[in-house]
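Trainee: At position 526 of the sequence shown the residue is numbered 525 (numbering that gives the first Met the number 0), and the sequence of numbers has no breaks.
Rather than coming from a laboratory, the hints here were simulated on the basis of the structure. Beta carbons are placed, not taken as given, at the ideal position from N, Cα and C, and that holds for glycine. Check each hint, because a few of them may be wrong.
Claimed, not checked - Taking lysine-lysine and the DSSO-like style, the derived pairs with C-alpha atoms no more than 30 Å apart in a straight line are:
1. 500 <-> 444
2. 257 <-> 546
3. 436 <-> 350
4. 115 <-> 257
5. 344 <-> 485
6. 485 <-> 120
7. 155 <-> 139
8. 115 <-> 155
9. 299 <-> 162
Unchecked claim - Derived CB-CB ranges, DEER-like:
10. 174 <-> 41: 19 to 27 Å
11. 127 <-> 351: 20 to 28 Å
12. 422 <-> 143: 47 to 55 Å
13. 534 <-> 377: 38 to 46 Å
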Amino acid sequence: MESYSSVVALFLLLHCVFGNPFFSHDSEGRYVSVVLDQDSQTLVVKNDVTEDFVAVGFFKNSMNESGWSKLHVTTNGIYDDMLQAEAAGIAEGYLTADHISMTYQNTLNDYCVNEKDFCEKLEQFLDDNAKWSSEQILLKTNLMSSYWQQVALINKQLEGLLKGYLQTNTQPVLNLFNFRLLQLGGDLEDIEQVLGKKNLRKVYGSGSCSAFVKLFSNNADLVISQVTWSDYSTMLRIFKYYNFTLHDAQGNLIPGNKQSFSSYPGSLFSGDDFYILSSGLVTQETTIGNSNPDLWKYVKPTSLMEWVRNIVANRLASTASEWCYLFERYNSGTYNNQWMVLDYKLFEAGKPIKPDTFWVLEQLPGIVQMADMSVYLQDNGYWASYNIPYFPYIYNISGVSESLKMYGDWFDYNLNPRAQIFKRDHTKVSDMQSLFKLMRYNDFKNDPFGKCNCTPPYSAENAISSRNDLNPANGSYPFGALSHRKHGATDCKATNSQLAKTLSQFIVSGPTFDQQPPFQWSKTEWSRPLGHPDVFHFDPILLDWSKEDWIHL
0 MESYSSVVAL FLLLHCVFGN PFFSHDSEGR YVSVVLDQDS QTLVVKNDVT EDFVAVGFFK
60 NSMNESGWSK LHVTTNGIYD DMLQAEAAGI AEGYLTADHI SMTYQNTLND YCVNEKDFCE
120 KLEQFLDDNA KWSSEQILLK TNLMSSYWQQ VALINKQLEG LLKGYLQTNT QPVLNLFNFR
180 LLQLGGDLED IEQVLGKKNL RKVYGSGSCS AFVKLFSNNA DLVISQVTWS DYSTMLRIFK
240 YYNFTLHDAQ GNLIPGNKQS FSSYPGSLFS GDDFYILSSG LVTQETTIGN SNPDLWKYVK
300 PTSLMEWVRN IVANRLASTA SEWCYLFERY NSGTYNNQWM VLDYKLFEAG KPIKPDTFWV
360 LEQLPGIVQM ADMSVYLQDN GYWASYNIPY FPYIYNISGV SESLKMYGDW FDYNLNPRAQ
420 IFKRDHTKVS DMQSLFKLMR YNDFKNDPFG KCNCTPPYSA ENAISSRNDL NPANGSYPFG
480 ALSHRKHGAT DCKATNSQLA KTLSQFIVSG PTFDQQPPFQ WSKTEWSRPL GHPDVFHFDP
540 ILLDWSKEDW IHL
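Please model the entire structure based on the sequences and the hints provided.
Mentor: Structure representation (structure tokens):
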């Protein structure tokens with residue numbers, strides 16, 4: 000018989016996650032437990048919360064109410080880490096199977112149509128990468144490596160995700176290759192160029208995301224925010240909270256055992272990326288990309304994809320600098336981003352920013368550059384990120400300098416439209432409402448920074464939250480990023496020094512409508528993707544994980 004103390008501890012764990020799990024369930028949400036069958040020693044799913052869970056999950060589809068669904072997965076530390084990781088994947092795959100199916104059909108269903116040769120090369124590349132990764136995990140020198148231990152756990156979690164999905168008999172029937180595609184996200188755009196895909200997804204000049212860090216007057220608070228830019232077909236969203244009792248190679252609980260992040264069905268990482276971690280770190284990025292074909296030779300399967308390194312660093316790092324040094328290892332040269340890492344543990348309201356509080360890292364194939372930018376943040380009062388490299392060496396070798404010669408100031412770090420909007424308006428940010436006003440800003444027809452050498456003479460790309468659907472389809476644009484397309488800002492996330500303590504944040508889903516009409520599928524030439532509401536007209540909400548509630552701003 001279990002000891003009284005262990006039963007109480009288990010109950011309290013569940014109570015912290017779900018309120019009162021044994022006696023009251025959310026009538027609109029769904030719970031499952033993944034348990035270890037004692038006879039077969041296999042993991043099985045129970046449609047309830049049980050005391051002997053290896054992992055327990057909660058999922059609520061709130062797309063029509065808030066533009067977000069919510070997933071919460073917790074694992075039980077009395078079990079082996081590998082078992083926990085697999086069970087966590089099973090719980091997520093089982094609970095979100097319908098959303099995984101819809102996301103795959105919305106974004107990847109036709110990916111290999113007329114691309115047979117490329118997809119064969121892609122599958123071989125990913126197989127070679129998985130084989131190399133498995134070999135590294137088994138090397139004697141890595142058997143006691145916390146880094147490679149986490150890679151093994153990520154692989155096991157992905158395996159569980161596929162198992163959970165398949166157990167529901169959801170259509171279409173997907174395989175490991177399909178689930179690897181769901182993980183790749185931004186990695187895939189770069190692999191396409193390396194392997195010679197005929198129809199590339201990447202649009203010239205197109206960026207992914209605006210990001211911002213703001214130090215309030217007198218250092219009263221420090222806020223961090225990110226706006227995702229993406230194809231609108233990806234707007235079937237899930238906000239996730241992982242509470243995993245995983246350990247490092249020495250048996251210590253990992254610093255980032257709890258993570259809150261915006262994400263997508265079937266994805267084990269954010270992809271946006273925006274994470275609030277139990278280590279006290281908040282990590283986010285915007286894509287800088289690579290336009291230098293000479294660098295693609297550094298992209299090889301003997302590396303770790305960005306999404307894997309991202310998870311490993313989020314789990315193991317205790318400081319901003321440690322996060323950067325963990326992330327740079329085994330650089331794949333894919334999904335090349337500018338990362339911002341903020342350590343709220345070092346921030347004290349009313350006091351100067353301490354060294355190591357804020358780091359910036361930029362990645363290209365074969366190259367990673369990073370620096371402590373805490374002094375910069377203190378001196379300038381803000382940091383803005385908008386898909387252009389900050390470090391001169393990265394800027395020049397990435398090929399952006401060549402784009403500057405061809406198209407002018409739009410590719411200049413200081414003169415880009417978003418750079419100038421952030422510089423002009425950052426002083427207006429003094430609370431969450433004014434922060435959201437800046438991050439959701441798009442007045443492209445009236446703002447002088449919305450202008451371009453286009454017909455008509457402006458573009459909805461030139462804003463903190465882009466709305467390329469508003470650009471006329473018959474317009475004339477110097478390069479693809481400024482044109483009419485099914486692409487733009489699809490959300491906003493933000494937290495501050497107090498909210499981050501409980502991994503909480505304000506969030507909003509869908510394209511901005513502050514100065515523009517709400518996005519509505521039925522008023523466009525595009526078909527509405529599976530699972531999407533017709534109109535994205537949602538207010539910002541506070542996602543407070545300490546209360547498990549949705550509170551309107």
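Trainee: Does each hint fit the structure? Answer for all of them.
Mentor: Results for each hint:
1. In summary, the hint linking residue 500 to residue 444 is not supported, as the alpha carbons are separated by about 40 Å, beyond the 30 Å threshold.
2. Our distance criterion of 30 Å between C-alpha atoms is met by residue 257 and residue 546, whose separation comes to about 16 Å.
3. Straight-line distance between C-alpha atoms of residue 436 and residue 350 comes to about 27 Å, which keeps the hinted pair within the 30 Å bound.
4. Of the supplied pair hints, the one linking residue 115 and residue 257 is violated, its CA atoms being roughly 40 Å apart against a limit of 30 Å.
5. Restraint check: the Cα-Cα separation between residue 344 and residue 485 comes to about 40 Å, which exceeds 30 Å; the hinted pair is violated.
6. Restraint check for residue 485 and residue 120: satisfied, since their Cα atoms lie roughly 28 Å apart, inside the 30 Å limit.
7. Pair hint residue 155 plus residue 139 holds up; C-alpha atoms about 20 Å apart against a cutoff of 30 Å.
8. The suggested pairing of residue 115 with residue 155 holds, with an alpha-carbon distance near 29 Å, which does not exceed 30 Å.
9. At most 30 Å may separate the alpha-carbon atoms for a hinted pair to count; residue 299 and residue 162 meet this at roughly 28 Å.
10. Checking the proposed 19 to 27 Å range against residue 174 and residue 41 shows it holds: the Cβ atoms sit about 20 Å from each other.
11. Residue 127 and residue 351 have their C-beta atoms about 49 Å apart, which leaves the hinted 20 to 28 Å range violated.
12. Our hint of 47 to 55 Å for residue 422 and residue 143 holds, since their Cβ atoms are close to 49 Å apart.
13. The hinted window of 38 to 46 Å between residue 534 and residue 377 holds, with their beta carbons roughly 43 Å apart.
In summary, the structure is inconsistent with hints 1, 4, 5 and 11 from the numbered list given earlier, while agreeing with the others.
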